[in-house]
Each structure stands twice: as structure tokens, then as C-alpha cells.
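> Work the whole structure out from these sequences, hints included.
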Amino acid sequence: MVCLGNICRSPLAEGIMRTLAEKKGLHWEIDSAGTGNWHVGDPPDHRAIKEARKQGVDISGLRGRQFQVTDFDTFDRIYVMDHSNYTNVLRLARNESDKAKVAYLLHQEQEVPDPWFDDALFTPVYKLIYDACDGITDKEQ
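Residue numbers (full-length UniProt numbering): 1 to 141.
Because the hints were derived from the structure by calculation, they are not lab data. Some clues are possibly wrong.
[Claimed, not checked] Label pairs and their computed distance ranges (CB to CB):
(1) G56 with K99: 29 to 39 Å
(2) H46 with P124: 16 to 26 Å
(3) A100 with S60: 27 to 37 Å
(4) K99 with S60: 28 to 38 Å
(5) N37 with F117: 18 to 28 Å
Quick caveat: nothing in here was measured; it's all calculated off a predicted structure. Ideal Cβ positions, reconstructed from N, Cα and C, are used throughout, including at glycine.
Laid out in C-alpha cells, this is it:
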């Protein structure tokens, strides 16, 4: 799960996907990262933690990290939140195999809005991410 800073959308996606995978008996390695390095080592934004907690998901123990080229070796799928994340991750791809792993979390290249500047977006963003993750995990059951 990849967003810009790894403190709002991607930790929400990591927490949601972990919770759903566990409930559905899927043994997946799930992680999140940011394309930027501003929040490496930082916990998720307090508003993301609050929204996740309200929905029964605990992301408080997560810490920000920056997306690395080696993530292509570690993960089968890399889900991005928006166009800039997509472009930035593809720039690090070493070959077509790496590129084939990258996809938008939402269908049809839709972006997950960044709630950083608007507190009111955290609940709808949670719902968008939840629905996308639920669909992904349903396909794998």
C-alpha cells in the first residue's frame, strides 16, 4: 500500500487489509510505504489512527517508511493511492515484471483522495479503502 507520506491513506489501507485478510483466513504479508521520506519512523496521523480505531482497526503501532526498489522483490502486488504515487513507483521499476505489480487500489485508476488537508475526508476515505480491500480479499477466497 503506497501513498505520499505513509501517514494517512497507506497506513489505513495496511490496517484494513490486514484485518480483512485475517478474518478471511488469508496469510498475506501486508505493508505500507510512502513515496516521500518526510515521515519515516513517524506514527500515522492522529486523525487516521482515530478513524481506524472508530472502525475497529488499530494502526497506532505502524511507522512510516519510504518505498524502496526491494519492495518489488518482497511483494506480489503494490497498490497505490493516486496518480503521483503510481508515477513515482513506476520510476523505480527495474523491468516490466516490476511494473506489472503496480496497480491503483481503486478500480479504473481512480484516486483515493488525500485527507491531509480536510478532516472531514477521513471517514469517506476509510470507506473507499475498506471497500477496495474487501473486494481484493474476496477475489482471493
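> Tell me the numbers of any earlier hints that the structure contravenes, in ascending order.
When the structure is compared with the hints, none of them turns out to be violated.
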